[in-house]
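**Student:** Put chain R on the given structure of chain W with help from the hints.
Protein chains: 2
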Amino acid sequence: MAEQITKREEDYSKWYNDIIKIAELAEHSDVRGCMVIKPYGFAIWEKIKDQLDKMFKETGHQNAYFPLFVPKSLFEAEEKNAEGFAKECAVVTHYRLKADPNEKGKLIVDPEARLEEELVVRPTSEAIIWNTYKKWIQSYRDLPILINQWANVVRWEMRTRLFLRTAEFLWQEGHTAHASKAEAIEETEKMLDVYAEFAENFMAMPVIKGLKSESERFAGAEETYCIEAMMQDGKALQAGTSHFLGQNFAKAFDVKFSDQEGKLDFVWATSWGVSTRLMGALIMTHSDDHGLVLPPKLAPIHVAIVPIFKGDDQLMEIKDKLQPYINELTASGVTVKFDSDDKKRPGWKFAEYEAKGVPVRLAIGPRDLENGNIEVARRDTQEKSVIELKNVVAHVKDLLDEIQNNLFNKALKYRNENMETVDSYEEFKQKVDKGGFYLAHWDGTAETEEKIKNDTKATIRCIPLEGNEESGVCMVSGKPSNKRVVIAKAY
Amino acid sequence: MAEQITKREEDYSKWYNDIIKIAELAEHSDVRGCMVIKPYGFAIWEKIKDQLDKMFKETGHQNAYFPLFVPKSLFEAEEKNAEGFAKECAVVTHYRLKADPNEKGKLIVDPEARLEEELVVRPTSEAIIWNTYKKWIQSYRDLPILINQWANVVRWEMRTRLFLRTAEFLWQEGHTAHASKAEAIEETEKMLDVYAEFAENFMAMPVIKGLKSESERFAGAEETYCIEAMMQDGKALQAGTSHFLGQNFAKAFDVKFSDQEGKLDFVWATSWGVSTRLMGALIMTHSDDHGLVLPPKLAPIHVAIVPIFKGDDQLMEIKDKLQPYINELTASGVTVKFDSDDKKRPGWKFAEYEAKGVPVRLAIGPRDLENGNIEVARRDTQEKSVIELKNVVAHVKDLLDEIQNNLFNKALKYRNENMETVDSYEEFKQKVDKGGFYLAHWDGTAETEEKIKNDTKATIRCIPLEGNEESGVCMVSGKPSNKRVVIAKAY
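Chains as they are written, first to last, in numbering that gives the first Met the number 0: chain W, 0 to 490; chain R, 0 to 490.
Worth flagging that the hints you see were computed from the coordinates, not collected in a lab. Among these hints, one or two may not hold up.
No distinction is drawn between identical chains; accordingly, a pair holds when it is met within one copy or between any pair of copies.
[Claimed, not checked] In silico DMTMM-like cross-links for lysine to aspartate or glutamate, where the CA-CA straight-line distance does not exceed 20 Å: (1) Lys262 x Asp338; (2) Lys343 x Asp141; (3) Lys13 x Asp422; (4) Lys348 x Asp141.
If we strip away everything but chain W, and leave its shape as in the complex, we get (with noise of 0.2 Å):
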């Protein structure tokens, strides 16, 4: 299969696509800029979404639902966010059909059911939960409400790239009101936290964490924090996002708490969200020109066995003699494929499981069976050994964790290797378009970020919250700077 895939060095673009196909991922669909998720894209992406559901549970969170349509009049409230987002939207107008009378068998729009206001679907919810916030929350005792939704969101988008940047797209959006500032601050910092830690710890995708400037801000944050990853063409990706809304919505939905004293003011949110995307960034970080590379946390099948068999006898020999392994492997939280299908060869067998990422791929025939061995062979490095059957559980769960931290490893290394200081304008020309993260001093102001931006398309991808306060003066204008910032070109 291997030979279906561009290799990253010729077309990294193409690559990304072949691994998507190859791998099962998802396709385009016949609707403008939406995408079927398949089966296979879909199980990862629900092993993503049930650990960090956990995660936002183990953090005092709830999850509810909230309409998928935002009647204009709501949508315009809060209008700062509505100006951003107005381009894109997907609006319904109508609430029926009806037979076409000129051609039989086919339907019309009815004008006769325009609806009175126009009902944009969601491209983000703030807008109908502060609406609805505003009917639960009086006093400081209704606060703070810590509320979750996964959901679908719809953002028109003219160029779209499965995962990446697609019309509707699935995320989770986190909505939170605080009776203070610091307090909603804080929540927008820990969220922020449980993002990097499970790109971290799970997708094995190491991340800056970082504030955003001030264009580069939701539309109605006060600021935006968010995490950024390297990918392996060097251009960072934004993978999640933790917004701190001040008293925006509060204000644009009236939304008025009493606090301990009976004194009114308006609440203080939150939200925060990650998508779909994240899938793009887990394929980019980690693949190679022999298909997807998954880490094993989000791995829908972590172990591919391999029978090599002629005839039900010697498949049911190897069978019963792995049974009690497969036992124990599945009882320890090891996902397990016993591939026993007869109308595939081994060697396409192997090839797939290379190429849809599974972590450890096990093979063995007759004759291991005899000398009590099994091949393992395992996907991040393709490195192939064969070690004792009776070794085998404690082995796969080791090489389990081995693969998760090599994954890391390998990518933090990437990172590091790519990233590099920058003093001079001149150089981070020459230099950006090869990719990588350049930290250099930026004065602060828009009309530099703009500049760097009209000059090479890199971008200020973020403020690094960490990371040493250093004086220094801004590579483009010279004015006096106190941080390094990370510039990149981006996804």
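**Tutor:** Using the frame of chain W, we list chain R on its own:
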């Protein structure tokens, strides 16, 4: 809190709304016909979803995700399906808003951004999915396809009721493709069995499995199987449907496969779904005038513990004493909430857990501690007893099983007591207004079905799958019939 609940006898419909409100399950949003599912309601839905998802996977299905939008030309391809849903379609016609030139801060639909082809917000996904399956299926080797999706759908309803009938609702829809008619029918029946098992063993809600009459079939189906449950007012509620779609969608979307001999044939299809409507069924099957009653298997909290204390020392003493038991319960899968909130009185907490249907409530104060006792209250019968604290784990576990069984048996008894055979149409017409299921002979014609509906507002709920053949004559027309059907007023 019970005083805020209208009695069932007074006004069943109002009682239903009161239960939803007091148990904080859901509320109407400001978007016409769309509901907000609140955290506690959503937690119950998550329990429903998780269990069904497990059962779907155990029967070989995988999840995937297909687009929210259906282009009009795809939507109208299967004519009967299109005709069935055309009247209730939300239609997206534009993809952009712009600033209103006449009113600052307001937005209008940008007339320049009209879609070439309108998009229907999916009322069901057969069209979009079969248009995709066309690309996936060439040969018998590609079959069966056994896919499910969890999604939101929109059917524009003029009269809405929380959970029972809303413009947007959450559901799952299974869509399978098969190489033979027999296999597709087997799948249709298998999934009906899954639904029935879920309804009876998890929701504790007895159901009758049956076939819909032709007029009640899903638009585009050859046969619709259903499960019908009786609510406490004697009305029927259709809780799930499984459709044998024949080759209708394969023909509409030209989906053919080559069989083992290389012969081409259209693919056979099924689809099956349950929705947030199940929440309504759950509420109306078990709840009483004191609030929600939940079967333990679907309760987000199994046991609420209310400590009765003055000051932190007493609270700590109770907590320390109970902690080992809480740990033991938790370890055996029982969800325990220890409610140490000192801003609410015990009586208030008792009422809250009663209203929210928590199956078991424990209360313990300093005197109980001294005597080694704890008070146990069960929600279903409202019985209270005092037991030895040292036995609490075994007692609670047994009690949860007992409550689960008791709720089912109680509902079954009610259903059976309110189901009767009837042979005279006059008798039927006299009785049907008081609710209940009527087993009557029907001649199988649409005319008779229509007459019954017009005369009484009752409908043929299903032709039961189980139940003996029995010769008789139609109670309306006097024509011969070989089986009784279930007739009732319905939600």
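**Student:** The structure should be examined with respect to each hint, and the outcome stated for every one.
**Tutor:** Results for each hint:
{"no.": "1", "hint": "Lys262 x Asp338", "verdict": "neither (67 Å within a copy, 29 Å between copies)"}
{"no.": "2", "hint": "Lys343 x Asp141", "verdict": "between (60 Å within a copy, 14 Å between copies)"}
{"no.": "3", "hint": "Lys13 x Asp422", "verdict": "neither (34 Å within a copy, 71 Å between copies)"}
{"no.": "4", "hint": "Lys348 x Asp141", "verdict": "between (56 Å within a copy, 16 Å between copies)"}
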